[in-house]
Every structure is written in C-alpha cells, then in structure tokens.
Amino acid sequence: MKACRKFRDKGLFSSESASEAVTPIVGSLLTLLILVVLAGAISGIIFNSVGEDANSQPLIAKITIESCEGGLYGVGSMTDRVRLEENRIVLMHEGGDALPFSTISIRISGYGNSYQGDVGKGGTRAEGDTEVFYENLSPEKKNNTYVTRNSATLEDGFWTIGEKLILCGQDSSKYVNSSVKVSVDGDSNTSDNYGFKADSEILFRVIDSKSRNILVEKRIIVQHAGK
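First residue of the sequence shown: -6, per the working numbering; consecutive thereafter.
If you're looking for bench data, these hints aren't it; they were derived computationally from the structure. Among these hints, one or two may not hold up.
[Unchecked claim] List of simulated lysine to aspartate or glutamate pairs, DMTMM-like, C-alpha gap at most 20 Å:
{"no.": "1", "residue 1": "K174", "residue 2": "E128"}
{"no.": "2", "residue 1": "K55", "residue 2": "E156"}
{"no.": "3", "residue 1": "K174", "residue 2": "E79"}
{"no.": "4", "residue 1": "K174", "residue 2": "E156"}
{"no.": "5", "residue 1": "K190", "residue 2": "D90"}
{"no.": "6", "residue 1": "K55", "residue 2": "D178"}
{"no.": "7", "residue 1": "K211", "residue 2": "D122"}
{"no.": "8", "residue 1": "K157", "residue 2": "E133"}
{"no.": "9", "residue 1": "K174", "residue 2": "E78"}
{"no.": "10", "residue 1": "K157", "residue 2": "E128"}
{"no.": "11", "residue 1": "K190", "residue 2": "D178"}
{"no.": "12", "residue 1": "K157", "residue 2": "E87"}
{"no.": "13", "residue 1": "K157", "residue 2": "E124"}
{"no.": "14", "residue 1": "K157", "residue 2": "E79"}
{"no.": "15", "residue 1": "K220", "residue 2": "D73"}
{"no.": "16", "residue 1": "K211", "residue 2": "E194"}
{"no.": "17", "residue 1": "K174", "residue 2": "D90"}
{"no.": "18", "residue 1": "K220", "residue 2": "E79"}
{"no.": "19", "residue 1": "K190", "residue 2": "D180"}
{"no.": "20", "residue 1": "K190", "residue 2": "E124"}
{"no.": "21", "residue 1": "K134", "residue 2": "E124"}
{"no.": "22", "residue 1": "K211", "residue 2": "D192"}
{"no.": "23", "residue 1": "K211", "residue 2": "D201"}
{"no.": "24", "residue 1": "K157", "residue 2": "D90"}
Please build the complete structure, drawing on both the sequences and the hints.
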C-alpha cells in the first residue's frame, strides 16, 4: 500500500512538473507571435509612408520660353494691329520630370485686352490689367486649333524633354465652359481670348497644381507680332 501510494504521489508530481514546464514555453511563443505581428504592422506603416512621400514629391522641370509675340487687338493703326491668334508664347521642356498636362496650369498677367460679353453678340473690347489662367494644358475645353498645333506633344498626355508647347490668344473653346479663363481689370465676363500689349512686360508662371509648386516664374517682354 505504501509502495502504491508512493507511486501515485510520484505520478502526480511528474504531471504537475510537466505542466509547469510547458506554461513558460507557451507564454514565450505567444510573446514571439505578438512581436512578429507588431513588427509586420510597423514595417507596413513605414513602407506605406515612404511610398506616399515618394508619390507626393513635387515635380521639377526646366521650361524655357523660346519666344513671346503679340499685341493688342483693334488698337492703333491698321498696320500695327494684331489679331488675337497672333499672340503666341512658345515653350520648350529642356529637363527634369515629365509633366502631366492634366495637372499643369499656367498664369500670365500684364497689360492686355479681350472682349466683354460674346464677340458678334454685342460684345465690346475690354483693355487693362489682364489675367490669363490655363486651368490645365490638356486639350479639354480648348479650341480645336490648340490640339492641332500641339498634337505631337499632347499625344501621350505628358510634356517631356525636347517637346515644344505653343500657347495662343485664341486657345479658348469659344465661350463653352472654357478651361482658359481671362479677366480684364478684375472683370471675368470676357470671351476668354486675349492679347498682350507689344513691348510691355508680362509675368509668366508654370504651376504644378497638385503640389502648388511654381515650376517657372519669369518676366518677359512681348515682341510685336510680325516685326
């Protein structure tokens, strides 16, 4: 009986010892599992953060102005008068990032003119401090001649190194929700076509609308078209 009791006591002691030995191992495994999960979550957050930062980097590009010609429409002698379509600014992409036309805008300001109201429907010529805003450089909501003139550059949706872009005083889509906005002396009731006074200085900006970064800011003199 004593031997049997001893055997039972020994067996009971062995079971408890095994249980006590397993508990720390299970605890260690759970701790390790939690650490692995946390490490994965943290690395994912860091990776996503780095990716977002990379995607949100502002565009950088070198844009030069090859020429800027124009003049006021309907002003001066017949020989000095300039048509709106003769107001042209020729731009060249010479280095840096490819620029998506859908998110690149342009602002031009200086002394110029446009029409108030609709041309041919009782509109009158407006002259003064003129602000021109290209909401984007894509073909959307612009005159068809803008697309034809810049077809090779616009084809893939990006303005890349070596490509030329030409802006014109008649790039507006003829009053139908144009993406070219013009105001004269603060009045935006215009035809959205424009001209700038010859021999005057204009301020020209190319802007990355997404980051609001100014890629180009220059003051240039308007050369008289055809002279």
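Quick rundown of the hints versus the structure:
{"no.": "1", "hint": "K174 to E128", "in the structure": "holds, 8 Å"}
{"no.": "2", "hint": "K55 to E156", "in the structure": "holds, 12 Å"}
{"no.": "3", "hint": "K174 to E79", "in the structure": "holds, 18 Å"}
{"no.": "4", "hint": "K174 to E156", "in the structure": "violated, 25 Å"}
{"no.": "5", "hint": "K190 to D90", "in the structure": "violated, 33 Å"}
{"no.": "6", "hint": "K55 to D178", "in the structure": "violated, 31 Å"}
{"no.": "7", "hint": "K211 to D122", "in the structure": "holds, 17 Å"}
{"no.": "8", "hint": "K157 to E133", "in the structure": "holds, 18 Å"}
{"no.": "9", "hint": "K174 to E78", "in the structure": "holds, 16 Å"}
{"no.": "10", "hint": "K157 to E128", "in the structure": "holds, 19 Å"}
{"no.": "11", "hint": "K190 to D178", "in the structure": "holds, 15 Å"}
{"no.": "12", "hint": "K157 to E87", "in the structure": "holds, 9 Å"}
{"no.": "13", "hint": "K157 to E124", "in the structure": "violated, 23 Å"}
{"no.": "14", "hint": "K157 to E79", "in the structure": "holds, 17 Å"}
{"no.": "15", "hint": "K220 to D73", "in the structure": "holds, 9 Å"}
{"no.": "16", "hint": "K211 to E194", "in the structure": "holds, 10 Å"}
{"no.": "17", "hint": "K174 to D90", "in the structure": "violated, 26 Å"}
{"no.": "18", "hint": "K220 to E79", "in the structure": "holds, 12 Å"}
{"no.": "19", "hint": "K190 to D180", "in the structure": "holds, 18 Å"}
{"no.": "20", "hint": "K190 to E124", "in the structure": "holds, 13 Å"}
{"no.": "21", "hint": "K134 to E124", "in the structure": "holds, 18 Å"}
{"no.": "22", "hint": "K211 to D192", "in the structure": "holds, 16 Å"}
{"no.": "23", "hint": "K211 to D201", "in the structure": "holds, 15 Å"}
{"no.": "24", "hint": "K157 to D90", "in the structure": "holds, 15 Å"}
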